[in-house]
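Listed below are the residues making up each chain.
Protein chains: 2
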Amino acid sequence: MTQTKIFGHQNPDTDTITSAIVTADIEQQLGNDAAPYRLGEIGAETEHALNHFGVKAPELLESLEDGAEVILVDHNEFQQSARNIEKANILKVYDHHRIANFQTEAPLFYRAEPVGCTATILKKVYEENDLLISKEMAGLMLSAIISDTLLFKSPTTTEADRTAAQALAEMADVDPESYGTEMLKAGASTKDKSADALITADAKSFEMGQRTTRIAQINVVDVDEVFDRRDELENAINHQIEQEGYDLFVLVVTDILNSNSRILALGTEAQSVEKAFDVALDENSAILEGVVSRKKQVVPQITKALS
Amino acid sequence: MTQTKIFGHQNPDTDTITSAIVTADIEQQLGNDAAPYRLGEIGAETEHALNHFGVKAPELLESLEDGAEVILVDHNEFQQSARNIEKANILKVYDHHRIANFQTEAPLFYRAEPVGCTATILKKVYEENDLLISKEMAGLMLSAIISDTLLFKSPTTTEADRTAAQALAEMADVDPESYGTEMLKAGASTKDKSADALITADAKSFEMGQRTTRIAQINVVDVDEVFDRRDELENAINHQIEQEGYDLFVLVVTDILNSNSRILALGTEAQSVEKAFDVALDENSAILEGVVSRKKQVVPQITKALS
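The listed protein sequences derive, respectively, from chains F and L. So in my numbering, the last spot in the first sequence is 976, and the numbers never skip. So in my numbering, the last spot in the second sequence is 976, and the numbers never skip.
Incorrect hints may have been included.
No copy labels: a pair is met if it fits in one copy or bridges any two.
To be verified - Quick list of in silico lysine-lysine cross-link-like pairs, DSS-like style, CA-CA up to 27 Å: (1) Lys965 with Lys756; (2) Lys756 with Lys944; (3) Lys854 with Lys873; (4) Lys944 with Lys973; (5) Lys822 with Lys973; (6) Lys793 with Lys973; (7) Lys756 with Lys973; (8) Lys965 with Lys944; (9) Lys873 with Lys756.
Keep in mind that the hints were calculated from the coordinates and are not lab data. Remember, predicted model here, so these are calculated numbers, not experimental data.
Kindly generate the complete structure, drawing on both the sequences and the hints.
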């Protein structure tokens, strides 16, 4: 039996890493040979969660051979996935994003729901299949929900996320508020990170009409700490635009305590964010009141403005 | 509250029509305003099933306004769907096909499984949500499974389809074998149908690499009855190739009693079927032993030969 490789998106965040681990646990309980992988370095927030619950990080996926059997979690768009994904045999997908730039040659198992976090769907899968949720897996799923919903403050948060998190917190034996704040803060420091690391750590590419847009997000507790390094960041972004041919690069700096974001927009299509958010850019930057969710409050708005 | 429109693919077959009706029943039980629609004329087989269980046919979908809320069943590829589908707001999809030429701007509910029939998935949805399956809905789901699996003879048939059908047959109070044979025969006569009707009734388009392939399937009990009209059929097919610009048109005439198919392949890429099935075309035709499933035994093979 060949081993099924399970992985989330590039620039992995907490939901992507933990969902790969949790899905591997589900597959193993179902009697399938499967292992979790990661497509990039693990961030401080995710490391905090893994350490807290004593779970090892997945191995780095070095390459994907033609016809490899894979399960995708927390993403589906090929440009966010592993290299050579278009030649893999995608058996299953668990996701909570829009579907785009995704196709298969054969029928598959696809489970997506418009909820705040992949882990919320995975908890259902455990239950529907009468599988056991260990304390460790409960803790990882809780961490993913807290991370993706910014402790239930993001507008992507659904009732299903809240209910799942509450049950998982009991199973994991932690207080969601105090554990969650501690975990988010662990990932929120930007001082020890290079400009390149900041614009790369949680960045995704999107095909929008004929344009390629790159949207990076940083969750912080001090927005000024980032914008004090504006020149350095603009240089790093412009370098990436040149290297990768992005038409638009938006850096979204999200204040996780006050639930706002300040953006930095560069590229030939930078003006489109003015239309998207009905704001005026000042030195390529604008404050977006109440915006914390890339998926719900940034991607659809820019997609619309560009099409 | 706006009404959600639920529909399957163009050239509707029994699974597509009944899945729209059944999904509307599920949505209504969940408290949502939803109604089933159809994208084309209903065939004799489907009519037999609807009459047997005393259920009305859905209304024809005349047009789809921008932003209309819809649920797709039994398909996802836009070229098989309603006109203007790319501007609709797709809330949910229930399907058992590959995913291709499908995308959304927002996250959605997507439920696909590699089973023989959409109805097999819908039965699970009833159960997961603790909803009531009426005798009528059970009968329609059973009819869909029998139709898509050709009474469990198609290689697309899974254990889940068999188990679901058995339970549904009990709920619907019919013998699956005798009811199924009667239903399939009701749809298998070709004598009273025009050549154009035969090549259109269950035809689907597929983008394969740079080529557009049209694959039509007819289920019959007498293959010769169809090939006695070869000239008439070739004229009709060549006319469609010219009108629609297909690179390849394959008519698959399936013998539902002996589980074989004879094909007729026309278009500039007609030779590709020789490679796809390792057969030699004789007067544009070949017999494919054991082939009954377009999805599993025809589409992947031609896709591969063309790419």
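Numbers of the earlier hints that this structure fails to satisfy, in rising order:
6
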